[in-house]
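Engineer: Take a look at the letters that make up each chain.
2 protein chains.
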Amino acid sequence: MAQLTQEQKHLIEKIGIYHEQQGLPPVVGRIMGLLYVSDRPHLSFEEIVDTLNISKSAASNALNLLLQMRLLEYTTYPGDRKRYFGALMDNWYEEVINKMESILGFSKLLRQANDLRGNSNPAMHEKVLERIEFMEFLSQEVPMLLEKWRQGRGQ
Amino acid sequence: MAQLTQEQKHLIEKIGIYHEQQGLPPVVGRIMGLLYVSDRPHLSFEEIVDTLNISKSAASNALNLLLQMRLLEYTTYPGDRKRYFGALMDNWYEEVINKMESILGFSKLLRQANDLRGNSNPAMHEKVLERIEFMEFLSQEVPMLLEKWRQGRGQ
DNA sequence: TCTTTGGTTCATAATTTTGAGAACTAAATT
DNA sequence: AATTTAGTTCTCAAAATTATGAACCAAAGA
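In order, the protein sequence lines correspond to chains S and V.
The first sequence runs 562 to 716 under the numbering used here.
The second sequence runs 562 to 716 under the numbering used here.
These are computed hints drawn from the structure, not numbers from a lab.
No false leads were slipped in.
When chains are identical, the list treats them as one kind, so a pair holds in a single copy or across two.
Subject to a maximum C-alpha distance of 25 Å in a straight line, what follows is the list of computed BS3-like cross-link-like pairs (lysine-lysine):
{"hint": "1", "residue 1": "K709", "residue 2": "K688"}
{"hint": "2", "residue 1": "K660", "residue 2": "K575"}
{"hint": "3", "residue 1": "K688", "residue 2": "K660"}
{"hint": "4", "residue 1": "K709", "residue 2": "K669"}
{"hint": "5", "residue 1": "K709", "residue 2": "K660"}
{"hint": "6", "residue 1": "K688", "residue 2": "K643"}
{"hint": "7", "residue 1": "K669", "residue 2": "K570"}
{"hint": "8", "residue 1": "K575", "residue 2": "K617"}
{"hint": "9", "residue 1": "K669", "residue 2": "K688"}
{"hint": "10", "residue 1": "K643", "residue 2": "K617"}
Assemble the whole structure, with the sequences as input and the hints as a guide.
Structural biologist: And the structure:
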């Protein structure tokens with residue numbers, strides 16, 4: 562992965578943009594792109610810095626963010642001080658669960674809104690309640706969906 | 562909705578922060594908060610500007626963004642030039658579908674990554690393929706979930 | 001026709017985000 | 001002990017985002 566082909570560079574940018582749309586900074590997205598596109602499943606800090614032409618500080622911060630977000634993991638080898646970073650590919654379960662928790666958190670806020678409003682506006686109350694119930698329905702059903710996927714795989 | 566209570570203000574900020582986390586600017590999130598918390602299902606441009614203490618330009622841009630994102634709708638009344646804005650509460654279907662399309666778009670990128678890599682790294686290939694298949698599974702199942710919700714409602 | 005209303009658009013200021021580069025540190029090597 | 005390695009942290013500049021206020025505009029009303 563010393564040099565990237567034009568095609569690889571292009572795909573890395575595309576994957577980068579997807580991650581930017583999810584709220585991550587460009588460099589962070591590019592690192593994800595590189596790790597998905599890379600021939601090898603793990604790259605060292607130095608390789609990432611060199612192939613993407615980014616500063617060590619940007620790489621350090623981005624990698625630590627991605628580790629903390631559990632989008633990346635790293636391996637080490639005995640007698641080698643380097644860390645070898647790779648995309649974490651089997652965390653789909655927690656990713657979806659996190660999203661659902663966030664949605665559930667919002668539905669709690671909407672419930673507070675409904676409580677605060679009291680019965681001053683029944684139509685509004687009804688509409689918001691429907692929203693809430695839809696979000697709760699999703700939060701209930703999606704874990705079952707994940708289970709279904711797990712079953713079909715033996716994971 | 563001339564004046565907001567402390568409790569309402571607080572809840573509006575909370576709902577605002579949720580929307581900020583979804584990638585929207587503060588004012589945009591607060592408008593969503595106001596419309597969810599409001600006693601009335603529709604507020605005029607002026608009311609939004611006055612109760613949130615924001616500039617007309619910020620309101621104009623935010624409202625047009627929210628309309629374009631289909632998080633808001635507005636009604637008009639004969640003999641009244643004003644528009645009355647309210648949170649769009651029945652667009653859960655398209656919201657979820659859009660999210661799924663975005664995920665499907667990403668899975669397409671990952672497929673390109675796998676193609677580009679060829680069989681230079683079978684283990685990587687396998688792991689990425691699993692990711693892809695999970696995303697495709699979701700995109701396939703979630704619309705059925707929505708249908709299930711629709712059924713249970715007669716919508 | 002003149003003014004008011006209901007916004008929109010523009011120029012700009014304030015804030016935040018992002019990333020570079022240099023200085024730094026701790027462990028390992030010479 | 002001195003140097004190299006593998007990063008981290010700090011300072012700062014550039015760029016992007018966000019929102020303000022003023023100017024503007026088109027439709028409606030006086």
